[in-house]
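Q: Read off the chains here:
Number of protein chains: 4
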Amino acid sequence: MTGARTFASDNWAGIHPSVLDAMVAANGDHVPAYGADPVTARAIALFKEHFGDDADVYLAFNGTGANVVGLESMLRPFEAVICAEGAHINVDECGAPERFLGSKLITVPTPDGKLTPALVEAAAVGVGDEHHVQPRVVSISQSTEVGTCYLIDEIDALASWAHARGMLLHLDGARLANAAASLGVGLGAFGSAAGVDVLSFGGTKNGAMAAEAVVSFFPAEESSLRFIRKQSMQLASKMRFVSAQFIALLTDDVWRSNAAHANSMARRLAEGVSQVPGVTLAYPTEANGVFAVLPPAVTASVQEVYPFYVWDESTGVVRWMASFDTTEDDVDGLVSTVAEMMSLHG
Amino acid sequence: MTGARTFASDNWAGIHPSVLDAMVAANGDHVPAYGADPVTARAIALFKEHFGDDADVYLAFNGTGANVVGLESMLRPFEAVICAEGAHINVDECGAPERFLGSKLITVPTPDGKLTPALVEAAAVGVGDEHHVQPRVVSISQSTEVGTCYLIDEIDALASWAHARGMLLHLDGARLANAAASLGVGLGAFGSAAGVDVLSFGGTKNGAMAAEAVVSFFPAEESSLRFIRKQSMQLASKMRFVSAQFIALLTDDVWRSNAAHANSMARRLAEGVSQVPGVTLAYPTEANGVFAVLPPAVTASVQEVYPFYVWDESTGVVRWMASFDTTEDDVDGLVSTVAEMMSLHG
Amino acid sequence: MTGARTFASDNWAGIHPSVLDAMVAANGDHVPAYGADPVTARAIALFKEHFGDDADVYLAFNGTGANVVGLESMLRPFEAVICAEGAHINVDECGAPERFLGSKLITVPTPDGKLTPALVEAAAVGVGDEHHVQPRVVSISQSTEVGTCYLIDEIDALASWAHARGMLLHLDGARLANAAASLGVGLGAFGSAAGVDVLSFGGTKNGAMAAEAVVSFFPAEESSLRFIRKQSMQLASKMRFVSAQFIALLTDDVWRSNAAHANSMARRLAEGVSQVPGVTLAYPTEANGVFAVLPPAVTASVQEVYPFYVWDESTGVVRWMASFDTTEDDVDGLVSTVAEMMSLHG
Amino acid sequence: MTGARTFASDNWAGIHPSVLDAMVAANGDHVPAYGADPVTARAIALFKEHFGDDADVYLAFNGTGANVVGLESMLRPFEAVICAEGAHINVDECGAPERFLGSKLITVPTPDGKLTPALVEAAAVGVGDEHHVQPRVVSISQSTEVGTCYLIDEIDALASWAHARGMLLHLDGARLANAAASLGVGLGAFGSAAGVDVLSFGGTKNGAMAAEAVVSFFPAEESSLRFIRKQSMQLASKMRFVSAQFIALLTDDVWRSNAAHANSMARRLAEGVSQVPGVTLAYPTEANGVFAVLPPAVTASVQEVYPFYVWDESTGVVRWMASFDTTEDDVDGLVSTVAEMMSLHG
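Chains as they are written, first to last, in this note's numbering: chain A, 78 to 423; chain B, 78 to 423; chain C, 78 to 423; chain D, 78 to 423.
There could be a bad hint or two in this list.
One copy or two, either will do: identical chains are not told apart, so a pair holds if it fits within one copy or between any two.
To be verified - List of simulated lysine to aspartate or glutamate pairs, DMTMM-like, C-alpha gap at most 25 angstroms:
| no. | residue 1 | residue 2 |
| --- | --- | --- |
| 1 | K125 | D230 |
| 2 | K125 | D206 |
| 3 | K125 | D409 |
| 4 | K125 | E381 |
| 5 | K125 | D189 |
| 6 | K125 | E231 |
| 7 | K125 | E207 |
| 8 | K125 | E298 |
| 9 | K125 | D233 |
| 10 | K125 | D389 |
| 11 | K125 | D406 |
| 12 | K125 | E417 |
| 13 | K125 | E162 |
| 14 | K125 | E348 |
Simulated from the structure, these hints should not be mistaken for lab results.
Bound-form chain A, shown alone (with noise of 0.2 angstroms):
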């Protein structure tokens, strides 16, 4: 790998100087521990504009960690949550959500990595019988691990379903921004306006270094978010440097170019590979991720060139991100190299 950017994933990218300068602003002298700062409480105002004053905002390390600690905000151990089986909790996380929820994953196979509640009612059994999990939480990802996005409108359905059933709606919006850029909504349109009950929103993929937030619009004496977050060790002691971050992204709408800019540079992917003959895209390309169907020997080559990761070894689907630094350039580059691999591999 040549340290040069690379389409293997949007964690790959490295810090958006608006953040970094956020953070180097937020240092010098002695502020209270564990968020009672007053860097913090500006980064909460800031969430509370985008998400809404009813916006109980959490902030925390990593995706897997905001998504367990909203999770575990919503849940008992014998309640279950309802994902597709794709979805990164149930994939990428190491098992984190059963090891300490203690709740099973009930998984959905989707075609597009969407759930919709017809999908949902069938995966909902057992409600009422003590040999069943019970299904409590419907968790979707925004935009979804395979570059798609869900509709307001599809977001809505399922909160209307799940709460008409007394359960509840998360969304893992480890990338949110993409999906507000690419649907042309703010931010807030994918909280309680919509139904959704707890989300995370992702800063790193953003632009951020290291800062997610889990956002509730559960009432807080219920959730005890503030207990949950520091028990499952996500409570970071010197929390003005997380807050910086989300000033950082959240003002001036930094988080939106950011986002915009990398579903400009995958569809610029999509639209270049997809007229190389013999490429086809996997899925429809409606946030920052290019799913392609290559010959192994093609992928493999490719790969020589730009790091990226294989999707499906089974179907050869491979996966290329684009993050906020990704320049015209390197995807030129990147479409040119599996053109040529293609006629030579193909």
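Once you have looked at the hints, place chains B, C and D on chain A.
A: Positioned in the frame of chain A, the structure of chains B, C and D alone reads:
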């Protein structure tokens, strides 16, 4: 609070300039996520220079996380940890150890925050009896929560006691740098040389933003620390920025100068207040914390000028922590304020 | 050991004839499994006769199971249980509470196995502080592990203390029958009338084979005990045979006569040994356990004739338990053996 | 329901007379609690006669308990269990495995309830990748939840596959007796001879009241099963009465005659209903369960006479279980009722 330097906690301080510089320097182009990057490789090499080639290193976000991850690598849920009653893992982690290890903490009252083989022996009951948890790990804090330090021989004696019984020794080194500076030894003196099996090494209180490490001398395949860290939500995606913090601290002995300075300010403070009539020290000042007994009215008056915590309401003991950026003027100001309030309210 | 009656534990005894008869009578044709059978319906009706119509009853296999299931219905993992240092949940359940609740037990030394509001008050620290576990449940044992009994007023005082702070009261009644017989009250005196929220009622030590109950006065929908019992591996498939055991005990006051007999034998024993020169009782004999201080050589010699356990090696306290089938001859035999060995070795 | 014999479940049956006799015979004078008694010694000796001298035996209360305890002895929380989608541990234990092991169950759809090396191979992904749980145990049910049996060679093939990868094989033998009777082999054929590392052997469905066993061929010091059983709330105090149940079943091949009878009744039923026009069997009848496809109206009408469960509402599959006390008349009655209702509603 004025925003100036206080004596509330060493985590009310900001980031040491060297650390911030290293984080800025680590920014730039894409590198692999989750620690497979050259910055992390450099950090781990530096750890090995300090702790020895047998050190197996896993960086984490915070002290609670590092302690829980380290302990999990040594324990099964029916096995217990013996620790001092005032240990951070017992009183300041919101029950994270019990929650995530499933293990009982067997707590031992101590006069000075330090365990001894005799104290541990008395607590290690029920061995082989299936009705009792099985003592497996002795956990000590270095420096302790009350500002004292174990001598190397004292650690060695605990390690020998533990190993003779098939048990292991864990060291919570959230302030390990302060102990090393105080004793005039290197960090490696607290590793396998002293019989320690797994330790947490704290960067945050030493001048980092959020950087802790689990250093294990326990066989890697048994410890499974890679998986435990990820499942325990302590694996950073943009790891290079955690690693960079440690590179700064572990280069040119920044860790030692930061710690030695904080220790020196604590000694100055201890000497100053102990000359104020009516003020007595509760514990010897062997690291960067000063513990003194004040009348409640004095405590309240001094807190209006300098924020700090009451350590034990029942005894009137207060805690003052010095940090890498505490100045002589800060110390002298606190001493004269204490003296003034003692003459007014004492 | 001779196979004769011993004083080792009330669970060294067999099954009371009424219980065995009831189990035999419950055999026969098919009935629904998991408690949806007429035998279980009858048992639950009997529980309500004894404990009141607001009693929500869940039968379980053993005492550890009943305690853990009951506590889980009252707690979230960051919430803690305050209990006596010698409580069964703390010292005799191999850490099952920490393991399965995820909660910390805050333990309190007691002179006689009994908590008081003052003792509990001193242990209920850190309320509202996210670094500390949050006290949620006070758990008491009735009768206690050292053979003493709480008066109804003492339980009521603890309940009032707890409820005034939004906390709950749990009662481990593995030997509740002995306490009721000792105090001359009904079982219901220890339920909601005394402010108890959830209790374990032990059948096994009272003459059953393996039958314990969780009796909850906590709102059923909040407690979710149906699901907790199943998930906690305490739901019997052929439930009728657990239920039948309780039908036997709760009919014609078999529970009381069994307990009263055991208490009476314990009193006879306490009176006998306390007249042996050099033998002193360690605790008042208020239920079916007798605790005396013996010289080690005497203990060892008496154990060769009658198996029993040393309660505390450091103080020389031994424990003798009477059961429903202990005879006057058994007691007199033990007393004379103690007297003989005291004159030889004392 | 009439109280007569049904086809709802083999745990709707009562206790076999031999088992009840053995429990009565075990009553009498005092014996040590928790399994240190001669009855338990005899039971364990019988287990070794059947399962081999390398069998390490731990009696438990119920099937969920035996499965969870056995699995816990083989796993750490980041390690996963691969099992059939319809496995009891996945669908009928209210999430107890995830809750208490902390581990993920990786589930595999199967045509007939049986795993194969090819099916397991496809599910064992992410080995060595810290983002994924690590496959550690393959768990199979014998006989399966749909009434099929693994041949010895099929088990052996799974064991070889697992062991070649450093993994282990667990067998849920809640109906192991039925499989042994069906295949005409001894119980030991499913132990270490077939490469099984840990199994649950079910007494309850075979005619016991409540008696299950964990039989481990995994090294005892690694398995730590003594402590795991106690901490998992599965250790009976009056153990002799659990042990006595197994003594009855394991003496004079009562286990085999009970199982063979139930299997024979199932075969009679399968043959009978498969001759009813319009009724088809969903799975081969290889043990004591019969699975047939019925029109919903027929199912409802037959259920009014004979209680039984619908296995899969979406496909109309129903389940009939035979037990040790099912009679030919019971079977013939059900067959003729099915025939009658098919002619009316089919």
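Q: So, for every hint listed, does it hold in this structure?
A: Evaluated hints:
1. K125 to D230: Close inside one copy (23 angstroms), not across copies (50 angstroms); limit 25 angstroms.
2. K125 to D206: For K125 and D206, the Cα distance is within 25 angstroms only across copies (24 angstroms; inside one copy 40 angstroms).
3. K125 to D409: Answer is neither: 39 angstroms inside a copy and 42 angstroms across each miss the 25 angstroms cutoff.
4. K125 to E381: neither (45 angstroms within a copy, 31 angstroms between copies)
5. K125 to D189: neither (32 angstroms within a copy, 46 angstroms between copies)
6. K125 to E231: within (24 angstroms within a copy, 49 angstroms between copies)
7. K125 to E207: between (40 angstroms within a copy, 22 angstroms between copies)
8. K125 to E298: Within. Shortest intra-copy distance 18 angstroms satisfies the 25 angstroms Cα cut-off; inter-copy 33 angstroms does not.
9. K125 to D233: within (21 angstroms within a copy, 45 angstroms between copies)
10. K125 to D389: neither (39 angstroms within a copy, 37 angstroms between copies)
11. K125 to D406: Result: close neither inside a copy nor across copies, 38 angstroms intra and 40 angstroms inter.
12. K125 to E417: neither (49 angstroms within a copy, 44 angstroms between copies)
13. K125 to E162: Neither: 32 angstroms inside a copy, 41 angstroms across copies.
14. K125 to E348: The answer is neither: 37 angstroms in one copy and 48 angstroms across copies each exceed 25 angstroms.
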